[in-house]
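J.: Sequence:
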Amino acid sequence: MFLLMLAANLGMANLTRWRVLLVLRMILSAGASGTVSVAYGAVADITTAGERGSFIGTIFLFTTMAPSLGPVLGGILAEKLGWRWIFWFLSILTGGTLVILALLPETQRKIVGDGSPPARGIYWSVVSPKASRSTRQSQGDAEPREKRGCRFPNPLTCLPVLMDKGSLFSILIGALQYVNVMTLQTSLASLSIGIYNLNYLQAGFLYIPCGVCSEVSAKVTGKYIDWNVRRTRQRLGVEDARSVGDIEGFPLEHTRLEGAYLLTIICTLTTVGYGLIVEFKTHISSMLAMQALAGLTAGALFMMTATLITDYNTHRSATAQAASNLIRCVSAGAGTVSFEPLIRAIGSGWAFAIYAILVLLQVPLIWELKRNRMAWRSRNK
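Position 155, counted from 1, in the sequence shown is what our numbering calls 177; the numbers after and before it change by one each time, with no gaps.
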């Protein structure tokens, strides 16, 4: 994945034909799309349900930091050094990440089990602890592990995750929220440049409020839902934090989604307000305030659903997050593509009212997930 990203960025830094740009952008997306899923998979390998939210909050903090800082850094680099330096900068970052990746130990349970036997071959890490003589001897006496052959990755393997109702509903909630927040973010530069006569660098700074609020919200929500699980576990007398999702009667969905209704209503009103602000061209500070509120609600709701998806699929967390990314990105692509035609046809106010209705569709999904998920879990057992 990172090699694909590095190759694509180097290619775009030396681009001479614009027709090649589309191909390189596709290669870059193919490499970047799986990196977040890998991070979620590693979190599922090393955390329990009672601490998972904090770790996922950290992942979300950095994944939301990039879209808010990217336009600012890109604008500065393009303004001072030229547009090619954007891709040179990304190449340097990707190369540095490859070095870090080489130092990380393997966490996949199918490969290293509980972590006591050191990984071998391509899974070996520089910082992996050396096995003692007794460990090596016991490994030599043990039955050889099944060899894992090289297989060509199949993107359709993530689709069976959608057959699980709990995972599907969680993914749909996240997708609806993602469509809304991506449309708000995508519209920001074009609308602000047209209404307030900003240049591209100034427009880039407008992404910071939403990004910062999303980061803070995700981190705080991660801590909160972990605390909520611990509180519920103590109330019910559950000792093992690793198995709370498997215990019949444990209200996992209620603990993870507490406050989701309120967040959805706030996000709906924020989207309507944003549309009215754009329609009547009020002061730019009001637009940024709506963006910040959207970031707060989106960060919290993404955290809740992403943690639930990992809870439901601890044995295939990376695959589940890949399915989530597939649905979210396809939905967001459709939402952002339809944005400009909607504004031209019915105006900004009504266009964002339609997106607000999409956000409101989260309410029945959350209600159904809270009401029936425990029954679905029992039936699956």
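A couple of the hints might just be wrong.
[Unchecked claim] Result set (DSSO-like, lysine-lysine): computed pairs, CA atoms no more than 30 Å apart in a straight line: (1) Lys187 x Lys392; (2) Lys392 x Lys241; (3) Lys241 x Lys187; (4) Lys102 x Lys245; (5) Lys187 x Lys245.
What the hints contain is simulated information worked out from the structure, not anything from laboratory work. Computed from a predicted structure; not experimentally measured.
J.: Confirm or reject each hint.
T.: Do the hints match the structure? See the list:
no.	hint	result
1	Lys187 x Lys392	holds (12 Å)
2	Lys392 x Lys241	holds (23 Å)
3	Lys241 x Lys187	holds (27 Å)
4	Lys102 x Lys245	violated (40 Å)
5	Lys187 x Lys245	holds (26 Å)
In summary, the structure is inconsistent with hint 4 from the numbered list given earlier, while agreeing with all the others.
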